[in-house]
Amino acid sequence: MSDATSGGAVPAAGSRRHGSILQLDARTKKRNAKEARFRAYGLGAIIIGLVFLVTLLTAIVSNGVGAFQQTFIEVPVYLDPQKLDKTGNRDAAEMAKVSTFGYTPLIQQGLLDLVDREGIDAPFEKAGDMKALISASAAAKVRDYVLANPDALGETRGFELLASSRVDGYLKGRVTQESVERDRNISAEHLQLADALREIGAIRKGFNSEFIFGADASESRAEQAGIGVAILGSFFMMLVVLAFSLPIGVAASIYLEEFAPKNRLTDLIEVNISNLAAVPSIVFGILGLAVFIEFAHLPQSAPLVGGLVLTLMTLPTIIISTRASLKAVPPSIRDAALGIGASKMQSVFHHVLPLAAPGILTGTIIGLAQALGETAPLLLIGMVGYIATNYPDGISSGFLDPNSAMPAQIYEWAKRADPAYYERAWGGIIILLVFLLTMNIIAIILRRRFERRW
Amino acid sequence: MSLVKLTASTLTIAAVSATAAMARDNVQVAGSSTVLPYASIVAEAFGENFDFPTPVVESGGSSAGLKRFCEGVGENTIDIANASRAIREKEVKACAEAGVSEIIEVRIGYDGIVFASQLDGPEFTAFTPSDWYNALGQKVVVDGALVDNPHAQWSDFNADLPAVEIASFIPGTKHGTREVFEEKVLLQGCEDTGAMEAMISGGMSEDDAEAACMAVRTDGKSVDIDGDYTETLARIDSNPNGVGVFGLAFYENNTDTLKVATMSGVAPSTESIASGEYPVSRPLFFYIKKAHIGVIPGLKEFAEFFVSDEIAGPDGPLANYGLVSDPELGNTQSTVADEHTMGTNM
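Residue numbers (the UniProt record's numbering), protein chains in the order written: chain A, 1 to 454; chain B, 1 to 346.
Derived by calculation from the structure, the hints in this document are not laboratory data.
Mixed in with the good hints, there may be bad ones.
[Claimed, not checked] Ranges between beta-carbon positions, derived for each pair:
hint, chain 1, residue 1, chain 2, residue 2, range
1, A, V65, B, D51, 36 to 44 Å
2, B, F50, A, L436, 31 to 39 Å
3, A, D144, B, D207, 39 to 47 Å
4, B, S238, A, G49, 20 to 28 Å
5, A, P76, B, T173, 33 to 41 Å
6, B, D207, A, R264, 58 to 66 Å
Every residue, glycine too, gets a C-beta built ideally from N, C-alpha and C.
Chain A extracted, bound-state conformation (with noise of 0.2 Å):
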């Protein structure tokens, strides 16, 4: 800045000689080598960040993808009636009263009886030595199967269940046979029937659809948990922030933009909103813990209360944006409303609303955006931790019953013990990710189409 000024204010003292206009004098040089470093400055801030995102993205996508494969075992299981159905007449609340640990040991001699038939050679000769290889949660599938049809008692039935995590881990090159040397789980030697198991089919790689649809699980399982559940948290959590702020956020603005006097506590509130953006979201759930749960005894865990939280957290986000695009629509088509006679709710109503919509939508999609991704305030209302409720029986216990947030469910794998967790926390920010990829997406389509520039 002071070479250019300076460079073309002084007139050629008698020293200076004049050259071509084509020969660069020392000066302009030195301010086009200036130009030319600042150029490279930029350039190289913007490889930096590419450099980091496509690092990230790669970390990503290279540590989680293996959450969408998981291994599952095809299990023969016979159905003893001697233990599952003491009495023999197969009531159904008689046999609810064997639990899923009088399963376990004949899902164990199933696949026990499956080694022996196929001539497998394996060290094993007692059922209960064939639980490593066997996911925690197969007997229940096979008890809410027999439940379900009891006539399936005394016949063999062929079960596909989840293998152990550490199976699957083998599968996945994530545990090899030397790593397993000190592990109590698990030895070496199951990984080697594993392996012969997976030879005549009894174990394959599959896509896990569990890990999309499912429900959480807890540390001895780590194959069977799940973000499904989670996904409709956040859904639910999602229409409360919608359902309250988008009205509330508008009609403050509206007022704000164009019905209130300008004056002192005007001005106050717009900075306080301004501020209120700025306000970290932890505060926030400390606030909604508080309000909400202490006060107005809403129930903790529940996407209702997490919804509100959030709410108060994305106001001021689209408040601004709301009044940033209200702001936009030029006076002259308010004042042309007016001057044909309108009332001032109806200019607004049948003008600058239409007008300012796309601009409003945007903003709410981002804010919305954002709240799905928060999960400092929801660790404040028990929105953390081992929740693992089934899916919703319906709109009402969508809001009420505990659940978890997307956010939340990762924050929570990533602390696990079991290795396979840390894969799943992975695998759940790549379908956060997506969420919010679409969400933007459509922001930025929305804007495209139906934004208007004057």
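Starting from the structure of chain A, add chain B where the hints point.
Chain B in isolation, oriented as in the chain A frame:
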């Protein structure tokens, strides 16, 4: 102001209208992050085998859980607090003041605390409490005199340990694990090295000396980890010389990256902890609010299921995950069945 008022009133109306129609039907549990995996395993099996909804289990630490437990009686308070230590006198009092006077204490088993380092790192294979005190204590005995801890390397005080910088990662003060570490390792080491004697003969009272024994050096050689064991693991991964404190169950799930050291010559395992040979172990508890039994459906069933032989017994899923089964499980079962509260005789 209109915005604030409008928002507040709308939200309150929504809140109040929503409360009117519901009562909580799931059990809510919070507390120790050490007990969390066990509680979630039980909650999962409970949901599978009973018609009650799966209980919700949150973590946050023993003290935080007991604090929420003691907030009062009612549906918006938790039913069960998990703790990796026994409830304190002070907390019982706080509970009683808030109306939670009847508490059932349930001991589910024992957990061992292990000292582990990188699998390929230096040879940390055997420790004694004295080693840890010499490494971490604020004042240690060197050549018969009590001085500010001068040790920079493990080999400075024990030639059998590797000659690498001291870098230890111990649980932060909000963890129940820290208390066990202080009492069973630091205090023991303080007595064994003679530092305690030196403090008392230097004019300290016994209580002050005990407190001084548990003080950890603050020059960065020891790092408090306030998060979970995953964080400790990450620290050890990035520091080959680091030694961390883990729960036995966590270690057993990560044997491919960690190697464990013996304590006073005993290797940690469920067997050595159950027999009491391994010195650094602690009981795990959960506390039930008796006033909620009969109000929250499934609460008593959940508690009974938790301590049943098939869950908490030596061959159950909890023992499989790393819990050391309580030899007196039968007594615990009858405590729950009879709803014996604390302070009353069995």
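Okay, the hints, checked on the actual structure:
1. Under the hint 36 to 44 Å, the C-beta atoms of V65 of chain A and D51 of chain B, about 38 Å apart, fit the expected range.
2. Between F50 of chain B and L436 of chain A, the C-beta spacing of about 38 Å keeps the proposed range 31 to 39 Å intact.
3. For D144 of chain A paired with D207 of chain B, a C-beta distance near 58 Å fails the hint of 39 to 47 Å.
4. The given range of 20 to 28 Å is respected by S238 of chain B and G49 of chain A, whose C-beta atoms sit roughly 25 Å from each other.
5. Remark: the range hint 33 to 41 Å for P76 of chain A to T173 of chain B is contradicted by a beta-carbon distance near 54 Å.
6. For the pair D207 of chain B and R264 of chain A, the supplied restraint of 58 to 66 Å holds, since their beta-carbon distance comes to about 60 Å.
The structure fails hints 3 and 5 (numbered hints given earlier, in ascending order).
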